[in-house]
Each structure stands twice: as structure tokens, then as C-alpha cells.
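These protein sequence lines are chains A, B, C and D, in that order. Sequential numbering of the first sequence, starting at 1, is according to UniProt numbering. Sequential numbering of the second sequence, starting at 1, is according to UniProt numbering. Sequential numbering of the third sequence, starting at 1, is according to UniProt numbering. Sequential numbering of the fourth sequence, starting at 1, is according to UniProt numbering.
Watch out, some of these pointers could steer you wrong.
One copy or two, either will do: identical chains are not told apart, so a pair holds if it fits within one copy or between any two.
[As the list claims (entries may be wrong)] Heads up, simulated SDA-like pairs for lysine to any residue below, C-alpha to C-alpha not over 20 Å straight-line:
| hint | residue 1 | residue 2 |
| --- | --- | --- |
| 1 | 8 | 318 |
| 2 | 271 | 314 |
| 3 | 8 | 353 |
| 4 | 315 | 259 |
| 5 | 315 | 43 |
| 6 | 8 | 352 |
| 7 | 315 | 148 |
| 8 | 350 | 269 |
| 9 | 350 | 144 |
| 10 | 213 | 169 |
| 11 | 266 | 313 |
| 12 | 86 | 66 |
| 13 | 75 | 122 |
| 14 | 350 | 34 |
In case anyone wonders, no lab produced these hints; they're calculated from the structure.
Protein chains: 4
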Amino acid sequence: MAGNSFGKLFKLTTFGESHGPAIGGVIDGCPAGLKLDFKAIQHELDRRKPGQSNIVTQRKEPDTVEFLSGIFEGKTTGTSIGFIIKNTNQKSKDYSHIKETYRPSHADYTYDKKYGHRDYRGGGRSSARETACRVVAGAIAKQFLSTISIHAYTSSVGDIYLEKPYQDLDFTQTESNDVRCPDSDVAAKMIDKIKSIRKEGDTIGGTVTCVLKQVPVGLGEPVFDKLHAELGKAMLSINAVKGFEYGSGFCGTKMKGSEHNDLFNKNGSTKTNLSGGIQGGISNGMDIYFRVAFKPVATIMQEQETLNTDGNIVKMQGKGRHDPCVVPRAIPIVEAMAALVLADYYLQNKTYNM
Amino acid sequence: MAGNSFGKLFKLTTFGESHGPAIGGVIDGCPAGLKLDFKAIQHELDRRKPGQSNIVTQRKEPDTVEFLSGIFEGKTTGTSIGFIIKNTNQKSKDYSHIKETYRPSHADYTYDKKYGHRDYRGGGRSSARETACRVVAGAIAKQFLSTISIHAYTSSVGDIYLEKPYQDLDFTQTESNDVRCPDSDVAAKMIDKIKSIRKEGDTIGGTVTCVLKQVPVGLGEPVFDKLHAELGKAMLSINAVKGFEYGSGFCGTKMKGSEHNDLFNKNGSTKTNLSGGIQGGISNGMDIYFRVAFKPVATIMQEQETLNTDGNIVKMQGKGRHDPCVVPRAIPIVEAMAALVLADYYLQNKTYNM
Amino acid sequence: MAGNSFGKLFKLTTFGESHGPAIGGVIDGCPAGLKLDFKAIQHELDRRKPGQSNIVTQRKEPDTVEFLSGIFEGKTTGTSIGFIIKNTNQKSKDYSHIKETYRPSHADYTYDKKYGHRDYRGGGRSSARETACRVVAGAIAKQFLSTISIHAYTSSVGDIYLEKPYQDLDFTQTESNDVRCPDSDVAAKMIDKIKSIRKEGDTIGGTVTCVLKQVPVGLGEPVFDKLHAELGKAMLSINAVKGFEYGSGFCGTKMKGSEHNDLFNKNGSTKTNLSGGIQGGISNGMDIYFRVAFKPVATIMQEQETLNTDGNIVKMQGKGRHDPCVVPRAIPIVEAMAALVLADYYLQNKTYNM
Amino acid sequence: MAGNSFGKLFKLTTFGESHGPAIGGVIDGCPAGLKLDFKAIQHELDRRKPGQSNIVTQRKEPDTVEFLSGIFEGKTTGTSIGFIIKNTNQKSKDYSHIKETYRPSHADYTYDKKYGHRDYRGGGRSSARETACRVVAGAIAKQFLSTISIHAYTSSVGDIYLEKPYQDLDFTQTESNDVRCPDSDVAAKMIDKIKSIRKEGDTIGGTVTCVLKQVPVGLGEPVFDKLHAELGKAMLSINAVKGFEYGSGFCGTKMKGSEHNDLFNKNGSTKTNLSGGIQGGISNGMDIYFRVAFKPVATIMQEQETLNTDGNIVKMQGKGRHDPCVVPRAIPIVEAMAALVLADYYLQNKTYNM
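Let's have the full structure, built from the sequences with the hints guiding it.
This is how it looks when you write it as C-alpha cells:
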């Protein structure tokens, strides 16, 4: 049960530490006969990779995916798809500052207590480097779900919010700026915010909004495996995520039923969509939208006190090249996890037709 | 995959519709030798049952659990525990008003489209009546986890908020009022709010906060099965839930890393707890706390327009006895799901010791 | 993981001890819209029930199944199907003879050691009474797979063998005699054998052969979940089973490749079928056939020495009414498990079509 | 569900085709802190590899395993262990003879029908090359289960049987000859048999017996996941296996209960062991032993008729270097699968202690 798999029918299992020879994964259950666009897969990885702009970490890793199986003559064979991404940036650095200390608000302490020892180099398995494998699998899931559109964007950085509802946004503009906010004015403020935070040697949180369009009616399973429950788990499994809401979310708790109910049109669509495209855990054909909260990155370039493995409080300071704000690089990860959830339910849904 | 099971090692599978002969479930994986307190189990059901106070639905159902297996001489045997709760309130009513209409913001439309037909009586499988089975299993999980304390309480009803942090509350007062808010002044306001909403024939949303104390270090699995990700899924699977946040949650997105990081004490505890007791998906021994958003109940006593199965828009009005606010009865459900998640991870964690 | 579930997409979870109030189960994943023939389900239970003929145990239990959920207006709804079978024969007997002794070749000793205590009444959870729940679920699976025919029959009792290959048998004759052997001459010898064994207060083993016809090409999953591997597991999970072989089975080990290979006809069928209808773990459209070995029932009416819970060797003798040979009543169980395996793979196979 | 995973708590997922760049796998759930003996792992691979003796295929592949994750400073970290084995023998050969034909009694036809296309080079995913990954994971499971001894050996080749019971054999002799039969006289006959069969351009089947000693009491789960049921599935999932029996097996069907029952000694051991070390699906502390039937290899060096993809019957002849008898190389695979089953149940069993 060691937690390295996601999905039931379209299933991803991942492995790898940030400073081992490679990270990688196995996709099991991808239907046969899917013609893959390998450039599109690499493009998703490039959206996530370090060093892509001047508001993200300046580490350089090409993050090139190599497929080892499950694909023949450019098409999936229905058997398991193995892949690896080599770690090219694993130079033997001095890790003594983290070998013997537990960084605050990282997983160092909990891994050590749970497992008795840990790969301390760069966070080991708890490093967000692992999410590159999610992006590979999600890119394949996106191709499988070619008629569904999946758009995530930065909806806040610190206290700078994109106030417009998603319906008023032009998603083609999301990639036009480094922070991945489809409104250029707000994007500029977010970028300034991140730069100023970085100058302080500090980090800042933010939120990502994701919109899924053209999802067919009927995806999701009742009771425990409701569509939004699995979307929530998927998002909460991403490093640094602290919250998830869909449709009316936390704001909906202040509303009355008479305000919140989505009245029907004759064709089964609804006049409003506070339900967020899901009713009783099952998609109803309306847009699905949700919001994901990311905390500020724990590694800061300021001196902090921390605990060492001898039980003493010591001073430490972040080294290396880290993200001042995780949100811009999280966009493709949120999309990938959404694609994995949808692909899984799409396959599950096929089992109900007699 | 039809969604009726929860958990991997401490596993609950449920069945039953609101108007069938009975609902019930099977608990598989509960360790052998657990001496059960049957009164405590029934007590949890009584906290959830309809008709318990004058701010909840006035339907009367005794909700008496009958155990059919897996228990011998008062102790669990390690084999599957089957149980049923008879539906005593299933009188043959006139359901024609929902047989041919899809109630707004209910699961009627999506079930019909997914499965081709549906048990329309009282919501069928999508009824929140199903959560009674979760409460039974959760009550057993609580007894298994006897050293962990699990306290949920109403933290808002509509725009009435309990502003105090959980540390300032006396949880022994939660059950002292009908709305299950441990602050009596705020509770009184919440109760007034619910009564006034009910008079309007309307409903209102709210939030539940839950605090888990004395959770041992090390529960949770890295990567996809992080402790908070599974807690999030568990909560989002409860009827009417629209959001989940833990620790600093959505507020944490506005913070800087230097503010958000939880610095260590020498004993491994932390001075602050914005992490919410979980780091890298694994419990760190601090209190775990999270907040769950419930939308207003969709069934209102006002006339609404809706869609019928012939594709026409018609008028309908809620009948019967419904909750004006779901939150007071949701408290034991939130606790039950938290207990199920913890029991499952507790067992998973045992598999890591050599 | 406690072992009480079978199947991945068409999934059965069972509960219940032989002397509790009821046994039962939950079927999750049965597609919606299946019109059920309830008489046919009860008929399968009647084929398994005690007291049905004079060569089986003379215990009387009606074994009437009651469905509690998942069915509306005679059709499956796609939600979980809960059912129970009340134990009517659970009179408070004197169980002291087994309370403090471990019956030889039963599960008494291993359950006690594994779980620390056990329900000693009639074998508790280890009783073959549990298989009645498999028959219920299998009967529904058979109806789901209406175009596939599943025929099991008694192919040996002790050293009395039905030598004819299955192709030479008339399966309509299987139910014409109490031992369920489709050849009336051999059946008569088997019945004599069982009667003579019973007179000695002894028991005897036997084999069941099962033939699956009109299985579509493509069922089964490669590598670990080969169709015959899951069939083997299904059969080996039935009480008293010691072996499984399919196609050429153990005899095939003595053959040469040039003899064993099944050459093709132009339509993709094969001239011979030593493969037993499965190649590479996937059905090829030919008849699937396999053989299951049942040991003699462990409860005998002769005095035996055994161990008591104080660590002393004591004399004991079987009491009550037991089967002298388990095979006649095992026929519907073998068929039920085969149906469950096929239904599961049938649903899995639907997930591969783009 | 695509069948590429085995185990629940000690879980192996594999990928790879015989002629892709590499095969590999992920082991998830191996407890942390296990110090690995890498030479012992490679030694198991060497026992399976082609070209190791003159009675197996003369293909040359070094089969060197490379670990990519989950191990730090020589010890398992509790996170997923990824590994690959590069395919060094994947020279671009002429595969046109199998591209357009379905080899008799191979998986070519069924894969093509199930998935719509297939990697035809060397059998693709259906190649027994995949079992190398099982051997890697099994070797780690063996090290985890260091107190349990697992010994498999060749018990028959064609009609040459090793008649001695396993108790009379010296397992230290198993590796002393190429056929892996611990009796040197019988081994010599088996080797002669294989050589003579090879000269004919033909192949021959055989059986493997496996003995598990010092298995603790209590492994296995009741009802559907009985220890022998999972062992059976594990063995039947190995390429070319047609049957499985344990303890008295098919012979036990001819016995009476009074002969078959294993009477107890005062210490809980039994005087006989026809049960094969398992009662009610749970290990009882006695030796576990079972027998596995392997059919003759389907690829023969004689001309055969077969079907091509145009629906015509054509002549074909095996090319390349194939095993005349699969059994000698299957010994480490049988042991590996047994180790995986035991490791999984060992971890499951830990979840029952309060």
C-alpha cells in the first residue's frame, strides 16, 4: 500500500528520488491503439521543468522522458508503459547541512521517524521532482481524452488575486506570461510580487484554478468514489497543497438552498453552475471547476533555526536554487492529475453498459 | 470499482437505498480481539439519526444496528463484520413528484443518465441515509484507535462563524447544544439562524472543523496516498461537501515561507502548527486539524422550477421532512470518516517494521 | 486485505459464520439494467443446499436469499447489491467437543493461532456454509453472461472415474442423478461408492470438471492476471480443493511440443484444444475446460485422536450430519466461481476499446 | 486492471517487451531498513538467464539488473524500488515470419484479437523474458524472508519422474546439475531426454516441485485469499504452466477422510502432512509443498502449419535459439513467485495484531 500508485483502471505507479540515477513510472491500463504525440508529452514536461523562466528555480534539468515499453510503431499496445527520466543534475554536492538536520516544514523528520532512515539528498522521495512522472502520465491521459479540454491557471499569488470568473478569461493567454495567469495585468503584478519575495530570500503561496470542459455526463462513482472526492485527493497529493474546493466551495457554505440550487434548462444543462459540474459525485455535462491552495515553499534563503538529529537546535540556511513560488510550475501538474482522474473514470464508466 | 468501498486494510463496503428493506455494510480487516462497546456504537448512530432535536429533520427512524457476523463473545474475530440497519420509515408514499422529475442540484439527473434508470424513492442510493453505515464502521474504528481523540464541531452556519481557534475551545461542550458548536454564545446564534431559515422554507450551508489529537508520528503514505489527501477524499465523499482544507489551508496561500514554516522544539514537536500535524503526507505528532465545507441542502420547501423526464420544465416543491442545515448531523459522520482513515493508515504503518 | 472479497470490477464481498444469525454478501460492479430471474438464483442455491438428496448431509436449511438493495423494479441499478441468507439451523447445540479441541485437518488450529480466538460453532467463518453466498453472486454473474454456457460435473469419486472426454457427454443429464455425473452408469457406481463410504463413517474425495463454452475471444489479462490463473485461484479458494489443471494439465507435461501445439483452422479456431481455450492467459474462443481436485471431507464419524487447547491428545468423534463426499454439492459452487471470474474479465475487457 | 501487478502489500509491477530497450519493474511496499545482498539478487537472475548450460536456449543475454530508486546506502528506504534490465540481444532481426503469422499455441492470435495490434518481435509482452523481473523482486522477497527456506527442483521431464518424496532429497544437490534435479541419477536421465528431444527439433514438458520450510503459523487469509489459492495463481501466471496441486493434490481425491486427516502431535505439529502445511487457507507451521505442471515449449524447430493474418494456412518453422524444455530455467521463477506470495502474506499478517 506504499502509496506510489494512482488510479484503478488507468493506473500510474512511480518511483525515484531527486538524486538517484533516474525517476520513472509505469502506466498500466492505457487502452491499446492510442497513437501518441511524443512532442506533446515532452512539451508538458517542459512546462514543469526547472529553469524555464526567471521566476522559477534556476536549476537546469532537461527532463527528457524515455519510453521503455508498451508502445509499438507509435501506438500503445495495451500493455504496461514503462518510462524513465534521468536525473542529470545529481552532482555530488555537500548535503551535510541536511544530512544531520530536519528542515522545518519539510518531510525530513516524518520520513526519518516512519522509516528509520532516509535518502537526505535533495529531499529524496519527498522531493517534488517526483511530479515530473505525473506529468508524463497525465500527458498521455490528455491524449486519450482528446475531446475534453483541461485548463489550469494561476488564480492568486499571495494576496494578488485574479478576481474575474473563469468564464471571462481567455485561456489561450495562460502561457503568454511566466506566471501562467491568463489576465496580463494581474499576471504582471503576480510576477512583481514573486520577484520582490525572492529578493527577500523568502517564498510565497498561491492558488491554481482548473476548468474541465466537455466532460461527458456520467463520469464518477457514487458514495465513496465521487468524482470530486477523487479530484480532491489527486490535488491534495501534490506537494505543498493545503486545500481543495470545487463549484461554490467554501463560499457556498454561506448561501441558502434557494440561491445555490442550479435550475435546469430543457436540455438538461443548468442555468447556474454552483454545483461545479458534478451532482451526486457524477459529472452532469456542465464545466467542472475547482481551486487548489498551495502553501509557500518551505525552503527559504533566510537563516532559520532547526533541529538536528542529535536533538539540538541549530541554525541553517537554504542552499541551492529553489522556487520562490511553486504555482507557475504547478499548472501542468494540476492538469496532469485532473487528466489521470478523468481517464480513470472514463474507463470505469465503460463497465456499466450492458 | 463501483465506489461502494472505502479503505485498503480497514475496509468498509456499504449497500442500501433509503427506501429499501435495509441498509448495511461489511467491515473487512478489523483486527481480531477488539472488545466492542455496542452502546458506544449505537450512541454514534443516535448522534446522526433524524428527529434528534428541533433543528434537524423530524423524520423518525430508530437506526438500530444489527451485527450479523465477525464478532464472537463480544470480541472481533478478524473475519468480516456484516451489519444491517433496517429502514423502518419506508412507508409507501407518493413519489410521483420525483419519479418523473429531476430535483435541482440532486443526483437524480446524473444517476438516470449514468445507469439508464434509478430508484427514485427518497434519492435511492444517493440519499445521505447511506452515511449511517459509515458511522457504524467509524465507531468501531474509534474503539480500535482508543488512544487517539477525534473531535468535530460546527464552526460556521451560513455567515455565523465560530472565530476562536480550536485550542481555545472546550470540546466537552460540543454535545451540550443542538447545533454541536462548543461555544454556547455562537451556538445560540447558529440555532436561531437555522430556525429562521427553516421558517422561510429554505436551507443553509456551514462548515465543520475536526481535530485529531495524539495521532502517532508516522501515519500516512508518501506520494499519492498522503494522509491529508485521503482525509480530503474521505470528507469530500460525504454528501453535500464542497471543500476541504487542513492546517493553514487557503489562508496559507497568502503567507510567506518565513511566516509559514513551523520551527522545531528539541523534542521534535513544533512551535507553531501551520502544517496541521502532517508533513510530506505523514503525521508528525502534532494535532491534525481540518475544515470541511457543506453546501445548503438542495431540498427546499419553496416552489422551484425543474425538469421532468419528458424534457419539460415544471414546478415542484419539496415534500416531507428535511434538514434545514446538514451540519449538526454531519458531525458524527466527519468523525467516523476520520476514524476510518486513521485506522487504515495505522494498519498500513505496521507493515513497515522489519 | 482480510480475504473476504473476490473480483475487481464484478466484485463480491461476503460475511457470515455458520452459526451466526445470517450469512450474506455485497456485489459491487454489476452493470445496471440487468433484469434478474430470482427463481434461477434460488434454483442455484437449491442445488447447493444441504438435505437435497440421500448422498449429502441431511441437515435441513432452506437457504433462502433475501436481497436488500441494488435492485429496483426487478432490474439492477448499478449500485451495490446487498443480500443475506438467514441461518435457520443454528440451534444452541453442545459445542464443547470442538470448543476445546482442534479437529484434525480443519481450520480450528490455524484460526486460533492466527487470530487468538475463534468462533468454534460449526467451523465459524471457515465453514463451507460461506459458499452459499458465492452461489448467489455467481447466479447473477451467469445471468449477466447469458450467452456463455457454464457446465460443471462430477468427473470422479474416489477411484471411480468418468473416462469419457467432455465432448462425448450430454450435459442435460448432469442433474438427472444425485451425484451430478452426466453418464448414468458411472453415476450409479459413484453413488454406490459414496453410500458404502458413509456406512463406514468415512468420507471420500473426488474431482469436478467444468466446461465453459461460447466464451468470447479476448478475456483475460496478460502477465499476472492470466485467465487461467484467476480461474485457478477461484477454484483453489473453495473449501477442500487441493489442485487445479486446465487444458492438457498435468498430462501435458509428458507431451512433446509437436504433439501439444494446437494447429489453426482458417477461421482462427484450432484443430485440437490442448491449450484449453486459453493462450497467453487470454481466451481464444475455443472451449475452456478445467479440472478441480477435492480432498475427502475432514469430519468423519469414526473416533480419532486430536489435540485439545490444553495441549493434550484426546479422543473425539464427528457429530451431526456431514457430507460423505463434497463433490455433488460442489458443482454449483464451481460454476458460480467460474461465472464470477468470467464476469470480471468481461468488464475488464471493455476498458480496452478506444 | 491490466494485469501487470502482483501482490497487495509487497507489490510488484512489471513492464517491458522482449525486444524493447529494457524490461523492468517497481517493487512497492518492501519494508524499510532491509540491507540488500546485490550479488544474491544477480545470482538468482543468473540461474534464470539464457545460455547458462547446454540444455537451455543458447541465446546470450547478461541480464544485469540496475536499481534506480528505493535503496540508500545499501538499505531499502521504504519507498518504491524501480529497476531495469536492459535488453542487449535486441538486434534488428527479420521478424517477417511472425509479423504476419500466428504461431500455434502462442499468444500471437489472442493478443492481436484483444488489442487490435501487437509487438510481434519475439513475442513482445507475452515473452517469458518478463519473468526476469519476477526473479529480481523474488530475490528481494527471499532476503526479506530470511528465516524461511524456499527450494524448487525439477521433479519430472516428460515421463521421467523423480519418484522419491521431497523428504528423501538433498536440496544442496539441486544446483549440481544442469536440469536442477537433486537426484543425480534421475537428473542424468532427464538431461539425456532433453538432449534427445532437442535433436528432434522438438520440445518436452515437465513438472517442478517446490518446498517451503519454516513458514510461520498464520500466513494466509481466509475465504477467497487462502494461501494455497494465491500460490496457485502465482504459479499459473508463469508462462507455460497448466496445473497446480499442493499437499495430497489430485492423488488426495482418491483417499478416504480417515486416511487423509493429519493427526496432531502435542506441540501442534501433525504426524502426517497431506494438508501440505496449510489448513483453512492458513499455514500451520508444517512444510508447504506443491507441484507445478509445465507444458512443452510451443516453439519447435520442425515445420508446422499455421495461420497468417490474411486468413490463410501457411508453413512456418521456429527460428532462433529456444529452450527444448522450460523446466530447468523455471526453477528460480517458481521460487521467486513463492517468495513474493509469502512476503505479501507476511505483511498482511502483521495487520492482525492489536
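Hints and how they fare:
no., hint, result
1, 8 to 318, "neither (39 Å within a copy, 38 Å between copies)"
2, 271 to 314, "between (59 Å within a copy, 15 Å between copies)"
3, 8 to 353, "both (18 Å within a copy, 17 Å between copies)"
4, 315 to 259, "between (53 Å within a copy, 17 Å between copies)"
5, 315 to 43, "neither (40 Å within a copy, 47 Å between copies)"
6, 8 to 352, "both (15 Å within a copy, 14 Å between copies)"
7, 315 to 148, "neither (50 Å within a copy, 34 Å between copies)"
8, 350 to 269, "neither (23 Å within a copy, 29 Å between copies)"
9, 350 to 144, "both (14 Å within a copy, 15 Å between copies)"
10, 213 to 169, "within (14 Å within a copy, 43 Å between copies)"
11, 266 to 313, "between (66 Å within a copy, 6 Å between copies)"
12, 86 to 66, "both (8 Å within a copy, 13 Å between copies)"
13, 75 to 122, "between (36 Å within a copy, 18 Å between copies)"
14, 350 to 34, "both (17 Å within a copy, 15 Å between copies)"
Hints 1, 5, 7, 8 from the list above are not met by this structure, while the remaining hints are.
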